[in-house]
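Colleague: Read off the chains here:
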Amino acid sequence: MDFFIQLFTDPVAFWNSHTLLIAQIGINSILASSMFIVLYSGQLSLAAPGFMAVGAYTAVLMDLYWHTPLALNIAAGVVFAGVVGVLVGLPVLRLRGVFLAIATIGFIEALRLGVILNLPITGEGLGLKNPSADPLGGINLVLGCLVVVLFLVWRLTKGRLGAAWAAIRQDELAALSQGIHVARYKMIAFVLSAVLAGFAGALEAHLNFFVDPGDQQYGVTRAVQILTFAVLGGSGHFLGPVVGALVVTSLPWVFEQAQAYINVVTGVFLIAVIVFRPQGIVGRGGLAIIRPWWWPRRNVRAPAPG
Amino acid sequence: MDQQILNAIFIGSIYALFAVGYTLVFGVLDILNLAHSAVFMLGAAVTYSLVVNRGQAFWFACIVGIAVSAAMGLVIEHVCLRPLRRRKAPPIAALISTIGLALIIVAAIEQGQPGSFFAWLWVDGPNSVAFPSGTIPNPTWHVGDLTLEASKVAIIPISIVLMLVLGYVIRSTQVGRGLRAVAENPRAARLMGLDVDRMISLTLVISSALGGLAGILFGVALGDISPYIGRDNVEIRGLAVIVLGGMGSIPGAVVGGYLLGLIEVGALVVLGSSARGGVAFAALFLMLVLRPQGLFGAQLRERI
Amino acid sequence: MSVLLRLDKVQRHFGGVHAVDGVSLEVEQGSIHGLIGPNGAGKTTLVNVVTGYVPFQSGRAWLQSDELTGLPAHRIAAFGISRTFQNIRLFKDLTALENVLIGMHTRRRDDTLAQLATLPKVRRDQRSRMDDARGLMETVGLAARDIAGRAAGTLPYGDQRRLEIARALALRPRLLILDEPAAGMNPSEKQGIRELIERLNEDGLTILLIDHDMRLVMGVCKRVAVLDFGRKIAEGTPAEVSIDAGVIKAYLGSASERVVTSAPGASAAGDTELAGEVSAARPAVEPQNAILEIEDLTVSYGPVNAVRGASLRVAAGEVVALIGANGAGKSTILNTLSGLIRPDSGTAVFDRLDLTRAKPSAIVRHGLVQVPEGREILARQTVLENLELATWGRRDGSAKRTQIEAVMKRFPILGERRALRAGTLSGGEQQMLAIARGLLARPRLLLLDEPSLGLAPQMVDEVFKAIQEIHDEGTTILLVEQNALRALEIADRAYVLETGQIRLSGTGDELLHNPAVRRAYLGG
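Residue numbers (numbering that gives the first Met the number 0), protein chains in the order written: chain A, 0 to 305; chain B, 0 to 303; chain C, 0 to 523.
Just to be clear, a hint being listed does not mean it is correct.
What the hints assert, rightly or not - Label pairs and their in silico Cβ distance ranges:
id, chain 1, residue 1, chain 2, residue 2, range
1, C, Asp65, A, Val146, 42 to 48 Å
2, A, Phe150, C, His12, 38 to 44 Å
3, B, His77, A, Val11, 58 to 64 Å
4, B, Ala70, A, Gln215, 49 to 55 Å
5, C, Gly426, B, His77, 37 to 43 Å
Just so you know, the hints here were simulated from the structure itself, not pulled from any lab data. Virtual Cβ for every residue (Gly too), placed ideally from N, Cα, C.
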């Protein structure tokens, strides 16, 4: 409860004492948006941590070896993540549902265990030290980027691309019958998601003095966490996963005593949401939960994940 | 070198036993039960706790461990799967609900410290423990260069017998035919008088019992029991095995298990220990891209 | 005459089955061309090949001068062919308006960059698109204002079918392919669809109409092509085709003389006359001691109100037939009896067992066994395994074996093929297997759902012979059939089901000679 008390009575102090939390929420929100794009187009891809790793390591390595400015490092990380996204996307996009999920898990673990842990340049199992990290100052950068990302994603869902994605998610065959080039649009979604994940990874690396190749960072555990954002918040609306990220990331801070049981709570949430409200907190009607009584109600159903 | 091959066979047996349970559920229900690795861990943890914390005999503890795992199968069905079936949810939903249950099970063990809520189940928290020598029968023989520990060697006949028995049941008994009927066409099965819900419960019970047993064998033979043994060892490798062998195919799971064991040991020998982890997933990825149905699986096709 | 769509010897087979066997076709610009044939004749497969969902194996296709052969589905759509689907493929969670808007995809320029700037122009384009979409919805007869914001999956059945047409029109196609657009509709709804099709054609749209409702197709099409077992067996004007001997044989088997048609322009007269008969219907003939009693049963199937207040009885030892057109609700009734669907209201009791509450396995154990539509045998298991599985839960070991042997003697083909996978059997053989399987469950009441569906006339004879034998041995049978003639010939009593309601009942003979029934189901 102290958490909320401080949040509402003394926001400035709250900001200062919770910089790390807010920055993490920012990063996780960008990751959530990456997840949103693939889920919105009907693809259950769990590859985000892999692309994060690509973005993070590229950015930090460039800084360590070439001392290039931050913007360039991050840009390079993003581009490289996109390239890897194309390479991974081409073979796996034929796969459906569960098979795609498994293939992406294969990718992230093969990348982490096979490549990152074995290349001397990435520091192998010990990770990389990142002396030019800026945990406190970086928060403004992260939040600024988040706003840009959210705007982009919002406009995409309104455009022709977004409509095509929604159709593909519902029924690929029917989408084809309307002239939608399903394979190409799925690829665009996949690569865009990779780019966003790479972006988040590079930003996150900038906030930490150490790039850690562990499972919690770039492994299946992280992938499940990002999936949880989307399931909890709902993947029918671009703000859904962001809300999910907000809730899940803040949870351990709000319930300090129950920190230990965070996973139990997350597990219960997952089961409860998927059984009783598969469209997530936000569903499809936008921020319905905070809708004032006089706002017109649309009779829509939201798609469940997958 | 031969010792390595022997290790490959031991670990392959465990992979195979674990994967059989995995693939059984996929075959009958078309879903991936991601709580299976948590049940693997639970079997080992319960058995260990009974022996070390409550002084029970090893054999008794094993039986209870398997029973608890089987019971967890029922929990998975009633909590994660049946409510979704009633709501006609897509298969992906079951993926997520089983992930949720796995989180809960692992967290419960992780939080098992003396004095905590879960202390009756486990007291070692996140630590890795092993059965103290003397609590389990483990004669060791030396044959030439090879060291044979009974606990490791026993895995092979146990696994093989179980897989043969299961294969026989599925192929030749009425129950097995019933399971295959539910796997192929639940509606036809209902019209023939089969109680489909009960068959599904049976599938989960068998699958989870096998998973728990695999965990016990792992804990005994490799001396490593912690809340994370499922996640670290079999959660994703299990996926690799069933993809290699063909999802839904029991012979595929068996072959895939040994195949993965051999691939990993091969990579260890040829490329050094560092490559061991990534190899499984590289194999998984390649198989999915080149031949998604695996070695023994059926062709995947969508109807228009 | 300018040809819009031309098909040349299109072939497509699956495994050993020739789904489409060298079909050639020409559709004239501005006409409505019909494609009919019994279930399984290959109509939908042909359309799937032409629209690019299923690859050509040989043969070619052109849309005017553009060759379609080998192109992927979205390219063919972009050329100007759009279609509706047999089993409605709307984007169910998207709103009705969004569905139609997506239909405009090919005509909408890519505005990704423009969207980023949220220019007023973008908003204007959006508004004009939405206006167009609403206009299209009105064109197909939907009340756009009420419906536009509702999720497509929540709309009533008839509206969903119309919406799918609106979506297809949004593409501004040169050719519109309608695959069973009126399936599951009652006669007045069908009339509405018919009028819609005619209106669209008057505006110049070329339409290829697939259906197996003869009345609809004959009434609306300029030319009709008939498929059977993948081959085109006739083509011509509706009048020509309806008296073609091959067509008659394909649809009704050898026993009948005429095929169901109506003169172009006639409405569903037969049904209004049938409706007038309702009062003359029930109680007189119904048995007192019924082992199956259905009273006022109402069942919904998703948005469709499939069965509305149906009542019927079956006494021990009878053969009762339930006839009616496709989508009348016959299968829904059987599935409710088997416990697979729960009704909204009404009762169904079988020998004191409440079927509306009992579990499907309990219902089978009690003696009510269904042989489902489409056979639903276990293709991957052998014939013998299928039969053994049918004795599920029985503990009388040796009696089981004797019965299985007996059943294989009755259907010798099963004995011969006992070790083969059931999926390799022909349609008729599978039907025998399904019936055998039903018998092994020791039914006191056997439900047969469309046993003659998709079978060659000779196999149909064999199936009905088997049904007669089973009846002679004393098993009570409730038979659902589209093939009204054969069903009425074999039945003691029969009910006529139309759009979910029982319209008529009587003895088999009475209905066979009832003029309204003859007109509606037997071609006069």
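Colleague: Next, verify each hint and record whether it holds.
Modeller: These are the hints, each one checked on the structure:
The beta-carbon spacing between aspartate 65 (chain C) and valine 146 (chain A), approximately 47 Å, falls within the hinted interval of 42 to 48 Å. For the pair phenylalanine 150 (chain A) and histidine 12 (chain C), the beta carbons lie near 52 Å from each other, so the given range of 38 to 44 Å is not met. Evaluation of the 58 to 64 Å hint for histidine 77 (chain B) and valine 11 (chain A) yields a failure: the beta carbon distance comes to about 50 Å. For the pair alanine 70 (chain B) and glutamine 215 (chain A), the supplied restraint of 49 to 55 Å is violated, since their beta-carbon distance comes to about 31 Å.
At about 40 Å, the beta-carbon gap between glycine 426 (chain C) and histidine 77 (chain B) stays in the expected band of 37 to 43 Å.
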